[in-house]
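Colleague: Chain by chain, the residues run as shown.
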Amino acid sequence: MWTISKLTFKEIISKRIFLITIIMTLVFLTLYGTAIYFAGREGAEVEDAVQGTELILMQQFVSSQLLGVGLYFSSFITALLAIMSSVSAISGEVSSHQIDTWLMRPISRSQFVLGKFFGLALLMIAYAVALFFSIIFLHQGIGVEWMSLDIEPIQMIKAVSVFAIQPFVLIAFGILLSTRMTTLNAGIVAIILYGAAFIGGFIEQFGAVVEKASLVNIGIIMSLVFPIDSMYRKMTVLLFDSANDPLSLAQGGMFTSVSTPGNIMVWYAVLYGIVAVLFSIYSFKKRDV
Amino acid sequence: MGVIETNSLTKTYDGKGGISDVTLSIEEGIVYGFLGPNGSGKSTFVRTLLGLLVPTSGEGFILGEPIGTTKSREQVGYLPELFRYPNWMTGKQLLESHADLCKIPARQQNKRIQEVVDLVGMTGREKGKISGFSKGMSQRIGIACAILNDPKVIFLDEPTSALDPIGRKDVRDLMAYLRDQGKTVFLNSHLLHEVESLCNYVSIVHQGEMIAQGPWRELMMTEARVEIVTAGSIAAPFPAFVTSYQKGKEQEGRMRWVLELENETDIPKILHYLSSKQIDVFEVKPNTPHLEDVFLHWVNQKKESAYVDNQ
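If you read the protein sequences in the order shown, they are chains A and B.
Once you know that position 41 of the first sequence is 41 in the UniProt record's numbering, the rest is easy, because the numbers rise by one and skip nothing.
Once you know that position 254 of the second sequence is 254 in the UniProt record's numbering, the rest is easy, because the numbers rise by one and skip nothing.
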């Protein structure tokens, strides 16, 4: 199993698309860092015009929104990479017949699926964690004091743990699709579901703001179908919430959370990923390659 | 029990295509030819034996282990017909990965890799990227993969399809070497003249059905065949022991014939007959049947019986 994981890991790293991804990620981080730097400098200048609670609220709102934007985009590119790498994990090897020489070795189909899953999941989780901390450090470090939020290390650890569930679920789901569909079909299904999950998430947040239970329920149902957006929302709550500083609560808006997913949703997402992997093994066990 | 055993093994796709009802038993230490035209189900059969396809019915065993189990593949090597290897790897990395999957101890891997690389004539080129390999080189590295774990049973599916004449000879020599080492080579091929010298035992498959199996020289229904060159045409009918004949082209007053006889002992009789008819004979050459003749005989017979059934 670990040989397959190692091969999967090496394959992704050896591809040109990986290098392009790394370069584009650095470009994104540079742009984000630049934006945060200037936003922090501009914000500090506003201090002369606005005072007191209004200033604190504005600082908290702007700062959390900008961090939310960075993390939202990080979540988006991590998700796309997770989908693109997983939907071809098995179907691509089946259609090219490269799988024949691997599977004729004394390894079981379940070892092959698990090997693929762990190889991809470890890589994408490492990427997601690196991106998460890069955004946090850029925001807290470059944005000077004005931009900095009161985030404890434990909050960061909790938040990044939930952030990493997203690639975990997406890869498990992508591999499940890959055991039964062509790469193109699997990609289309995964991207549509991902899009639907995010739209569901926005509807839920909007529903919470206008206090419409039906809209919130739509979002919850979508989260149950595909628990991706709910993990992003939960991550923002864990990151911005602080019992010591009520003003550092998420300030609302597109990139933070008003309707808060519970802890049970986190366990549901983890279970969702595990079940997807188990179904992948079951699905792949009895199929012709 | 044979090294490879199948009992009514069938693999069809929604009841169509594939290969049906194959029962065979293959002994250790031979090169076994699994012969058939393109699309006859040869590769389907091998892929079913290797657990890549799930059998529709029947059963099969490799070295006594039921097909589809990991144990049945422990001492097996395979070169697929559509040999595609990850092009981001070097040849050596490919072999190292297979060595890991075969659980070859790390200390022995380099030595074994070098041995197989030398055997397939890739010495010095194994460090190149597979993306830069020609088809022939890919096939050679594929053969190296197939024999890497020193398997007892080796499945080679059209192993010379991408090779030049020198490469084909190398592979024939390699198969003979493996046979001499006591390995069993299961050879899928439609290049009959190539396997003739290596295989004693064959199966002939046609349209997903096994139509003949056994030592191929015994599968030829005609006992003896002789090629003669006579002066002019022979007007009178041949005697009864000539079961059939083919008339060649007349050249410079000489006619070439291929006669099929009931028995090898009939060869002198035909000479006596021609002599009694005062026909000059310029050449007499016993014509040993080739595997291709055996193959065509059985395939044509199958086609004829299918035609009669349809009528």
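Treat the hints with care, since some could be wrong.
[Stated by the list, open to error] With a straight-line cut-off of 25 angstroms between C-alpha atoms, the simulated BS3-like cross-links for lysine-lysine are: (1) A:K6 - B:K92; (2) A:K285 - B:K103; (3) A:K6 - B:K71; (4) B:K129 - A:K10; (5) A:K10 - B:K127; (6) A:K10 - B:K111; (7) B:K92 - B:K127; (8) B:K16 - A:K286.
Calculated directly from the structure, the hints in this document are not laboratory data.
Colleague: All the hints need checking, so say for each whether the structure fits it.
Modeller: Each hint tested on the structure:
Only pairs whose Cα atoms come within 25 angstroms are accepted, and K6 of chain A paired with K92 of chain B is accepted, the gap being roughly 16 angstroms. Proximity of K285 of chain A to K103 of chain B is assessed by CA-CA distance (about 22 angstroms); at most 25 angstroms being required, the pair is judged to hold. Simply put, K6 of chain A and K71 of chain B have alpha-carbon atoms about 23 angstroms apart, close enough for the 25 angstroms limit, and the pair holds. Taken as a hint, the K129 of chain B and K10 of chain A pair is honoured in the structure, with Cα atoms around 14 angstroms apart against an allowance of 25 angstroms.
Only pairs whose Cα atoms come within 25 angstroms are accepted, and K10 of chain A paired with K127 of chain B is accepted, the gap being roughly 17 angstroms. Restraint check for K10 of chain A and K111 of chain B: the C-alpha separation of about 24 angstroms stays at or below 25 angstroms, so the hint holds. For the suggested pair K92 of chain B and K127 of chain B, the alpha carbons sit about 6 angstroms apart, so the restraint of at most 25 angstroms is met. Distance hint between K16 of chain B and K286 of chain A is fulfilled; the C-alpha atoms sit about 19 angstroms from each other, no more than 25 angstroms.
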